[in-house]
Structure formats: structure tokens, C-alpha cells
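Given chain D, put chain A in place with the hints provided.
Just so you know, the protein sequences line up as chains D and A, in that order.
Under my numbering, the first residue of the first sequence carries the number 558, and numbering increases by one thereafter.
Under my numbering, the first residue of the second sequence carries the number 160, and numbering increases by one thereafter.
Calculated directly from the structure, the hints in this document are not laboratory data.
The C-beta atom is built at its ideal place from N, Cα and C for all residues, glycine as well.
Incorrect hints may appear among the rest.
Computed far set for chain A versus chain D, every beta-carbon distance over 10 Å [unchecked claim]:
1) ALA184
2) THR190
3) ILE298
4) LEU322
5) ALA329
6) PRO444
7) VAL455
8) VAL456
9) ARG544
10) ASN546
11) ALA588
12) VAL589
13) GLN615
14) VAL622
15) GLY627
16) ARG649
Cβ-to-Cβ under 8 Å is the rule here; a few derived chain A residues that face chain D [what the hints assert, rightly or not]:
17) SER305
18) ARG312
19) GLU315
20) GLY317
21) MET318
22) GLY340
23) ALA452
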Amino acid sequence: MIPIPAFLVVAGILFGIGAIGFLVRRNVIVALMSIELMLNAVNLTFVAFNRVHAEAHTGQVFAFFNIAVAAAEAAVGLAIVLSFFRLRRTVRSDAGDLLKN
Amino acid sequence: MSLWFALSPLLILSAGGLLLMLADAFSEKHTDLALGAFMTFASAGIFAVALWIMGGVPAEVAKLVAPWIVLDKFTLFFMATLCLGGALSSLLAGGYLPEHGLDRGEFYALMILSAIGGVLLVAAGDFLALFIGLETMSIGVYAMTSFRRTNPRSAEGGMKYYLLGSFAAAIMLYGFALMYGATGTTALAGIRDALASGSFGYARDPSRLTTVIIAMAMILVGLAFKISAVPFHMWTPDAYQGAPTPATAFMSVVVKAAAVATAMRVLLVAFGDKFSSSWGAGWPPVVAGLAVATMVVANLIAIRQENVKRMLAYSSIAHAGYLLIGLVAAWGHGDPSASRNGKAAILFYLLQYTVTQAGAFGALILCGSKGKEAVSYEDLAGLGRRNPAVALPFTLFLLSLAGIPPMSGFFGKLFIFQSAIEGGFTWLAVIGLLNSVLAAFYYLRVLVFLYMKEPQPGAVEAVPMKSGYVTAAMVLASALVLYFGLMPGRSLDMAISAAQSLM
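Okay, chain D solo, but in the shape it has when bound (with noise of 0.2 Å):
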């Protein structure tokens, strides 16, 4: 059986890689696809911690929950890029620089 903390470590590994891509890209349909890895990997995390602590399901209700909310999520975040791809021609978070003082 794999230990629990090896589920827990590549949760982290995968973490960090959405968190760094989020930051380091600037491409918004890429900046998208790291936040998806993120909650992906808080979904391993409680499904993991779930094991632990195992007299109760609530870490696998709230990944069930998680997928369901990132889901609308995600639509509601394509349907933003979308409509400023339509306006500005690209998907280039720095092509955003029209609100400044």
C-alpha cells in the first residue's frame, strides 16, 4: 500500500507547479490550466487526509464539492477570456493594460 504521505508530497509537487505557472506565464488560457492544477491538488490532499482520518467522509465530500464549484468556475473564467480575446485579439495577460493610473 503507498504510504500516506507520498500522496501528500505529490499533492504539494503539484501545488507548487500551479502556483509557479500561474505566476510565471503570462498566457491566460495557461494561467487557467495552473489554477485547475492547483485545485487538483487540494482535491488529492483532502481525499488523502481522508484516509487518516477515516471515521468521517468529509474530506471526499469536499473534493466531490471542489470539482463541482471549479467546474462553473472554469466557465464562467472562459467565458471572461473569451470576450477579451473578442475585444483585444489575444489571450496575453500583459495585452491587459488599459486600467491604470
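Here is chain A on its own, set in the frame of chain D:
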């Protein structure tokens, strides 16, 4: 009392939001939907007040939905405040959207559905409910921010808000996961008990202590982002400027109030044990630092703005700083009396801030019309002479934001600073006081342009719009600003009794 009645504000909002979506499909002119949204918010608010008057939700009823939803007076107070903010914003939308060619009915449904998320957020007693409420609220607001589909600024503001918002939510969620791993529960009260007892954490297993501290830091980042505290404020000015103004009003009152309420619950309830809330090793010094940074940075940048909407955005960040002072005072070294006064001061501040800030954005809406929206200080020049009826409410709200008596903002700030001094944070109160002097400069600058300047020759003059909805919102908000300013006693009593129920 049945559970249906106890949950009536949430149920009314849900039913109203769904009905408005249905009505949107069949209606020709969407302005009437604004009235529908207003009625929904008003009736939900009235039910919340009715529950309050009946002495709150009885314990045996509240137990049915605990620990996921907490139905105490604290929740009821915020339900009424959020509904008030929502009602004012929907009135503003009823005037603004048709004037600027955005007359699409889904805006009202989005606003109400987003407010449901806000209400769930303030009522949440469990990380799961908290997360669902937060996301429900945020997703609606992301869509409202980028509602002007043909406007690149709106799309840009929405995109920045969305990206940073979901990034912060992911960080906070990882914090929840780690906290669950360390304590074995996601209920706020359960986490407090687990952290307080030696069996889980500190005493036995030092490796869990690190997890708890990392989790706390991540959750704090998420909360600070939603409150828009410096250095997590970068999205705020862009989203506020790009969004249609009623959406900005909604964000700056409803979203902010809900975020502060949940921060109070998480920090004072879940992390309210002796160790997590100690000055040496817990969250209070971090929050105090955030408060100082937020006030100073936001006020210094706000002075340099040429765009009034952006200035109001920075001012709203600065107000988050004053609220964070209240949060430190609400911890108050664990002294119950100082702690109660600190919490009550935050609640009263948010109540009066809701009407003041929504009113200020409403007055800004009223100053412009189609193609001639008032954005810069120059646009406002001379409006006080040309249209005193428009400039007067604007003056009232700006004086209240600056905290000048007899407006409500004065007592809001007074109670916050008083509770900070009582809790032993005189230095925080002094910094806050200096900052509100600084802030008065840029509020009064608007007044100078309104009353003492004339427009440049040849400049495009902002032409005030005419709308019954916006006028109604102005009258309502002005009356409440004066009421909270002249007779704060009753609402303060309510705030104190709501503060006492937070545990």
C-alpha cells in the same frame, strides 16, 4: 418556529433570483426587473429583521442546520446589511443599465444569486459552506464585472479579478485541506476545540504545528484577498474601474461586508484559541500589520488618482484597513469587554459604510449620462452650481466617507478607534486617525471641483442623468446616512447584541 421561517431570507433570495431569470425571458423592457430585484432584497431583509425582533432563531431550530449554517444574531445582522446593500445596488442598476445601453435582465439575477452566496458566506460555520458561499458570490461578481461585453476595460477588469480571485481561492482551499488534515474536522467550532485541546496539536506532535501554521497563513491570504487588504489589493482598482458602476457598488458593499464577516468568524471563532490568537505567535500582529499597510498605501495612492471611480476604489481599500483595526481590537488581548466593543464597532461600521459607499457610487452614476459618464474630477467641475440636486447627495456621502460629523461615517470611525484604544492598541488608533485626515484631502477635492471650479472652456460637460430608480436610491441612502449619523444609538445596540452572539 419552523426551519422554513428561520431560513426565509435565504429562501426568498433564491426564489426571487430564479423568478427574475424566468421573468427576464418573457419581459420586453428590463427596467421593471430592477423593481423586482429591489423587492426581493427588501423582503429578504425584512424577514431577517423580523427574525431579529422575534428574538433570533431559537437554539433548537438553529441546531438543525448546525454546524454548516449558523443562525445567530450575527448572521441576521449581516443578512439585513447585505440585503440593504443589494437593494440599493439594484436600484442603481435600474437607472444605470438602460441609460448606458446595457439593458439586459440577467444582471439582476446575477446580483441576487451572488448575494445568496454572500449570505451563505456570513452564515457559514464550516469550511465547506464557507467555500461554496464564497465561490457562489465570486462567480456572480466576476460575471457582473465583465458585463459590458463591448468594452475592453470591462473585460480586462473582469479577467484580472477572475484570475487573481480564483488563484486566491485555490490558496485558501489548500489551507482548508491542510487544516482538515491537522485537526480532522472542517467545522469552525470543531477546529477551535481541536486547536485548544492538547490531544491534536501543539502538545503532542510538533509536525502538526507546522501544518497548522502554514494552513492559517494560507487561509489568511485568501481572506485578505477578498477583503482587498494591501498587499493583496491589486485587483481592486482595476475591477472597480472596469465594472459597470452598479456592479462596483455591489462589490464594494456586499462583497466586502460578507468577506469581513467571514474573516471575523474564521479568525475569532476557528482561530480563537489561546495559542493561535496570541500576540507572540498568532494572527493578531499579522492583521495589525495588514491594517497599517492597507490604510497607508491605499490613502497615498488614492490622492494621486484623476479618475473618481478609481479614487473611490482606493478609498474602499482604505476603509478595509479601518475595519482590520476593528478586527485587531475585536481580539483585544482576550479581554471580553474590549473584544465585544471591537466586534460591535466593525458591525456598525459596515452597516453605515454600506449605505455611504453605495450612495457615493450612486451619486457618481447620477452625475453622468449616456456617452457622458462622469469619470474624472474635471467632469464634475461646476456641477454644484448647475445641478445642486445632484451635488448635494454626493456631498453628503463624501463627508460621511471622510468621517465628518454629523454624518454616519464619523461614528463608524469613532467606535473603531475607541475600541482600539480600549483594547490597548492606541498606536493603531493614532495611525488610523492620521490616515483619515489624509483621506479627507481627496474627498474634499471632489467637493472643491463640484462647488468651486468651473469646467475648462471647450471641455465635454458631464450631463446628469434622470432616473427615478437612482433618485429613490439617493433619497433612501441619504436618509439612512443622516439617521445613522444623528441617532446611532439603536443600531449600535443591535450591533452589540449581534457581536455578543458570535462565538
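Numbers of unmet hints, in rising order
Numbers 3, 4, 5 and 23, in rising order.
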